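Top line first, the protein sequences correspond to chains A, B, C and D. Per this note's numbering, the first sequence starts with residue 1, numbered consecutively. Per this note's numbering, the second sequence starts with residue 213, numbered consecutively. Per this note's numbering, the third sequence starts with residue 425, numbered consecutively. Per this note's numbering, the fourth sequence starts with residue 657, numbered consecutively.
Hints were generated in silico from the structure; no laboratory data involved. Some hints here could point you the wrong way.
If you want the ones that stay clear, here's a sample from chain D, every Cβ over 10 Å from chain B, calculated [claimed, not checked]:
#	residue
1	661
2	662
3	663
4	664
5	678
6	706
7	716
8	725
9	730
10	780
11	796
12	880
Just the calculated beta-carbon pair ranges, DEER-fashion [what the hints assert, rightly or not]:
#	chain 1	residue 1	chain 2	residue 2	range
13	C	623	B	394	39 to 49 Å
14	D	792	C	518	31 to 41 Å
15	C	522	A	206	31 to 41 Å
16	B	349	D	788	44 to 54 Å
17	B	361	D	885	54 to 64 Å
Here are the simulated DSS-like cross-link-like pairs (lysine-lysine), alpha carbons at most 30 Å apart as the crow flies [said to hold, decoys possible]:
#	chain 1	residue 1	chain 2	residue 2
18	D	871	B	336
19	D	730	B	336
20	C	497	A	121
21	B	229	C	427
22	C	557	D	792
23	D	881	D	871
24	C	498	A	124
25	A	121	C	508
26	C	428	B	229
27	A	17	D	660
28	D	729	B	369
29	A	121	C	649
30	C	508	A	124
31	C	498	C	427
32	C	557	A	124
33	D	730	D	740
34	A	148	C	508
35	D	730	A	17
36	B	333	D	729
Everything numeric in this text was worked out from a predicted model, so none of it was measured. All C-beta atoms in this analysis are idealised placements derived from N, C-alpha and C, irrespective of residue type, glycine included.
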Amino acid sequence: MPWDRNQMAARAARELKDGFYVNLGIGIPTLVAGNIPPGMEVTLQSENGILGLGPYPTDNEVDADLINAGKETITEIAGSSYFSSADSFAMIRGGHIDLSVLGAMEVAENGDIANWMVPGKMVKGMGGAMDLVAGVRRIVVLMEHVSKDGSSKFRKKCTLPLTGTNVVDMVITDLAVFARDGRKGPFKLIELAPGVTAEQVKASTEAHYVEA
Amino acid sequence: MPWDRNQMAARAARELKDGFYVNLGIGIPTLVAGNIPPGMEVTLQSENGILGLGPYPTDNEVDADLINAGKETITEIAGSSYFSSADSFAMIRGGHIDLSVLGAMEVAENGDIANWMVPGKMVKGMGGAMDLVAGVRRIVVLMEHVSKDGSSKFRKKCTLPLTGTNVVDMVITDLAVFARDGRKGPFKLIELAPGVTAEQVKASTEAHYVEA
Amino acid sequence: MAKKLHDGAKQALAGLLFDGMTIAAGGFGLCGIPETLILAIRDSGVKNLTVISNNAGVDDWGLGLLLRTRQVKKMISSYVGENKEFERQFLAKELELEFNPQGTLAERLRAGGAGIAGFYTRTGVGTVVAEGKDTKVFNGETYILETGLVADLAIVKAWRGDSFGNLLYRKTARNFNPMVATCSRNTVAEIEELVPSIDANLVHTPSIYVRRMIKAASNEKRIEKRITRKEA
Amino acid sequence: MAKKLHDGAKQALAGLLFDGMTIAAGGFGLCGIPETLILAIRDSGVKNLTVISNNAGVDDWGLGLLLRTRQVKKMISSYVGENKEFERQFLAKELELEFNPQGTLAERLRAGGAGIAGFYTRTGVGTVVAEGKDTKVFNGETYILETGLVADLAIVKAWRGDSFGNLLYRKTARNFNPMVATCSRNTVAEIEELVPSIDANLVHTPSIYVRRMIKAASNEKRIEKRITRKEA
Numbered sequence: 001m002p003w004d005r006n007q008m009a010a011r012a013a014r015e016l017k018d019g020f021y022v023n024l025g026i027g028i029p030t031l032v033a034g035n036i037p038p039g040m041e042v043t044l045q046s047e048n049g050i051l052g053l054g055p056y057p058t059d060n061e062v063d064a065d066l067i068n069a070g071k072e073t074i075t076e077i078a079g080s081s082y083f084s085s086a087d088s089f090a091m092i093r094g095g096h097i098d099l100s101v102l103g104a105m106e107v108a109e110n111g112d113i114a115n116w117m118v119p120g121k122m123v124k125g126m127g128g129a130m131d132l133v134a135g136v137r138r139i140v141v142l143m144e145h146v147s148k149d150g151s152s153k154f155r156k157k158c159t160l161p162l163t164g165t166n167v168v169d170m171v172i173t174d175l176a177v178f179a180r181d182g183r184k185g186p187f188k189l190i191e192l193a194p195g196v197t198a199e200q201v202k203a204s205t206e207a208h209y210v211e212a
Numbered sequence: 213m214p215w216d217r218n219q220m221a222a223r224a225a226r227e228l229k230d231g232f233y234v235n236l237g238i239g240i241p242t243l244v245a246g247n248i249p250p251g252m253e254v255t256l257q258s259e260n261g262i263l264g265l266g267p268y269p270t271d272n273e274v275d276a277d278l279i280n281a282g283k284e285t286i287t288e289i290a291g292s293s294y295f296s297s298a299d300s301f302a303m304i305r306g307g308h309i310d311l312s313v314l315g316a317m318e319v320a321e322n323g324d325i326a327n328w329m330v331p332g333k334m335v336k337g338m339g340g341a342m343d344l345v346a347g348v349r350r351i352v353v354l355m356e357h358v359s360k361d362g363s364s365k366f367r368k369k370c371t372l373p374l375t376g377t378n379v380v381d382m383v384i385t386d387l388a389v390f391a392r393d394g395r396k397g398p399f400k401l402i403e404l405a406p407g408v409t410a411e412q413v414k415a416s417t418e419a420h421y422v423e424a
Numbered sequence: 425m426a427k428k429l430h431d432g433a434k435q436a437l438a439g440l441l442f443d444g445m446t447i448a449a450g451g452f453g454l455c456g457i458p459e460t461l462i463l464a465i466r467d468s469g470v471k472n473l474t475v476i477s478n479n480a481g482v483d484d485w486g487l488g489l490l491l492r493t494r495q496v497k498k499m500i501s502s503y504v505g506e507n508k509e510f511e512r513q514f515l516a517k518e519l520e521l522e523f524n525p526q527g528t529l530a531e532r533l534r535a536g537g538a539g540i541a542g543f544y545t546r547t548g549v550g551t552v553v554a555e556g557k558d559t560k561v562f563n564g565e566t567y568i569l570e571t572g573l574v575a576d577l578a579i580v581k582a583w584r585g586d587s588f589g590n591l592l593y594r595k596t597a598r599n600f601n602p603m604v605a606t607c608s609r610n611t612v613a614e615i616e617e618l619v620p621s622i623d624a625n626l627v628h629t630p631s632i633y634v635r636r637m638i639k640a641a642s643n644e645k646r647i648e649k650r651i652t653r654k655e656a
Numbered sequence: 657m658a659k660k661l662h663d664g665a666k667q668a669l670a671g672l673l674f675d676g677m678t679i680a681a682g683g684f685g686l687c688g689i690p691e692t693l694i695l696a697i698r699d700s701g702v703k704n705l706t707v708i709s710n711n712a713g714v715d716d717w718g719l720g721l722l723l724r725t726r727q728v729k730k731m732i733s734s735y736v737g738e739n740k741e742f743e744r745q746f747l748a749k750e751l752e753l754e755f756n757p758q759g760t761l762a763e764r765l766r767a768g769g770a771g772i773a774g775f776y777t778r779t780g781v782g783t784v785v786a787e788g789k790d791t792k793v794f795n796g797e798t799y800i801l802e803t804g805l806v807a808d809l810a811i812v813k814a815w816r817g818d819s820f821g822n823l824l825y826r827k828t829a830r831n832f833n834p835m836v837a838t839c840s841r842n843t844v845a846e847i848e849e850l851v852p853s854i855d856a857n858l859v860h861t862p863s864i865y866v867r868r869m870i871k872a873a874s875n876e877k878r879i880e881k882r883i884t885r886k887e888a
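Only chain A is shown next, with the shape it has when bound in the complex (with noise of 0.2 Å):
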């Protein structure tokens, strides 16, 4: 049975280590802060200039000053810090976020990713989408393994606008958990989903991997 979004979600948590600096994008990822293992420090950035994300506020504590870069009101915990956007992405960009997940519309098998515009539909900008997969030391994508209307999202090539070349380093979908190192070489699938055989996966990916 392919994951659900929290599994996937969960299974991106595994990446994190102790101490890590990360950065979560909107949607599916920002489940990943429900997954951090107990026990486990991790501190959580957000573009617009926050270090140490708490969760969301009770009613008392909703503050207009106090959002995340998806403009949701958050809180602060103990050891936060604010920046200045220009700090905020002086981090980003100078790899000092050990960890990014990210959506994304399209991954290619070189490690391209689309995930800011479709030409033809209203483009709202890509905000820190383009800076994230630049400076982050490494980024883990989080997707559904195809398209509503059935083809893989894990492609050949990108066949949409790029938010940046050859910086994936890791795909989570609802199947299957593609994964290389160094952004070098072709990626390998590391793991099913509960039930998921490799011949499904091989079925609706376009991409070439390794098989594990």
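Based on these hints, arrange chains B, C and D on the given structure of chain A.
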């Protein structure tokens, strides 16, 4: 009678305007601080990271964490702020400082300045001098008219390694004041020290300039 | 010294507005936006504006107000998804749009304020963002050249300010405000609270960057996505 | 989380030192220098160092201690006038020296920490500093290309730190420390005071930049030019 050092500094102080942010170099330029007209508010910056320099401290006020760019103990005043060296030079390089008064070994008739090294002598380094002449909106040089060997310090060309090219707006010596607008065209002799004649200035100046 | 604190937004903007000008505005979404100054710019009727701001407000608040009145010719932003009027004008080609990656936009504003004419970043390499831009290889990696941005007028929102013009921002309402404050010779700040002094060691924006200042008349601080959890 | 606070300088530097490495150090003159860590680096005997620091200490304090023991191969600085042993080694060609304008040095450290490979500045145009460097014209003015600096180890001095590694500096002892803290993956901070917490809104260096931390054992804070005025 030529101006003495304090009179030169007082002449430089007449270039200040209410509300100016000013950086004063080491040496004679520091005397400008004592010559700011009463009632005029001028904020002094020091490039090691303070805006709003106060006077030297009393014995009780001495604080090792509070020095100016000349490494002298200083004080803060109402409205002061501290910042990093990067932020300090962003302020300087970005053209936010209205005026700087600097010493010089040589100034050329095209506005070049040399004030950081003498070949053959030990080189101490340029410190912030190159950043100041490149970034501050208006550069006023305070220097003796002639060097100890009697040669003109306001020259056709600088002979010493340059600090900056075409950056000087005004030269104040013990004999006279030369100025030009917009860093274009020749300097003009605009003022003589009391009792000093235009002929005397002419005789001891190598640089071409326009007579008053 | 010429007093920095002015009685109102109209007075603080007097002489600083002209048609066709470039205005940089602080804020992220509706958080930390100079609400009062935006309203005054709308009321001034100044037009053909190029506006540099990470976002473009919503239909009826923030910079969306200037879009509605058709005062904006061009936006330089990273994300504009929250504004239907924006979409309409853009699709009708009534509005120019230049997308910058958010970090590139923040750094371009800092560079403009810091006298850095251009800088090399990996952000956007191999994407549409790189089109037409110079590239250079450093240590085997390709970087693209981005340029500094300056504005004819910068408007920022701060939490606290003193009479000298030193500013403090609050929490994530800081965002783009500190760089925007540096990118113009004409920076006007609106502050929520005027305080007698700010600890010199803790100032966010030094007074040198603030030319004029007002007490904010509008502090609505709308929340775009109010998400809460139950009390424990 | 692995505890950032270590018992002493030796422990905090364990595994981070190797011959031929590059070390960036905060401080301006003798103000805000990581005294304790410099002493520990001296005692470690590590050699052939390239040291990035605005100044080189004095003969018997600060980085001058590492010059005296001949542990330094090269200095990258803006001003080194206070050190006779430095002069002797330099004139005897025992020591390499790269001068950077002070603002360029500060910006190169920030750029290195911020993933900016290079930037264009007017500083040094037409001087020896420009020799061998790329230039580019922006808006009719010539700028020179300077590159980002990174270090194998960064050492900084802070006033206060919390257990997370957030830092506060004091007055002009801040100087180069904030950029130096960002320019390495291995930043060790020595703090004068350990505090339970620092207001999140007022942190100078966020915890992410501090890998290890110690309480400073040496806080001499020598004054180079003690100038005083008479009591009023």
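**Study point:** Broken hints, by number
**Key:** 10, 12, 16, 17, 18, 28, 31 and 35
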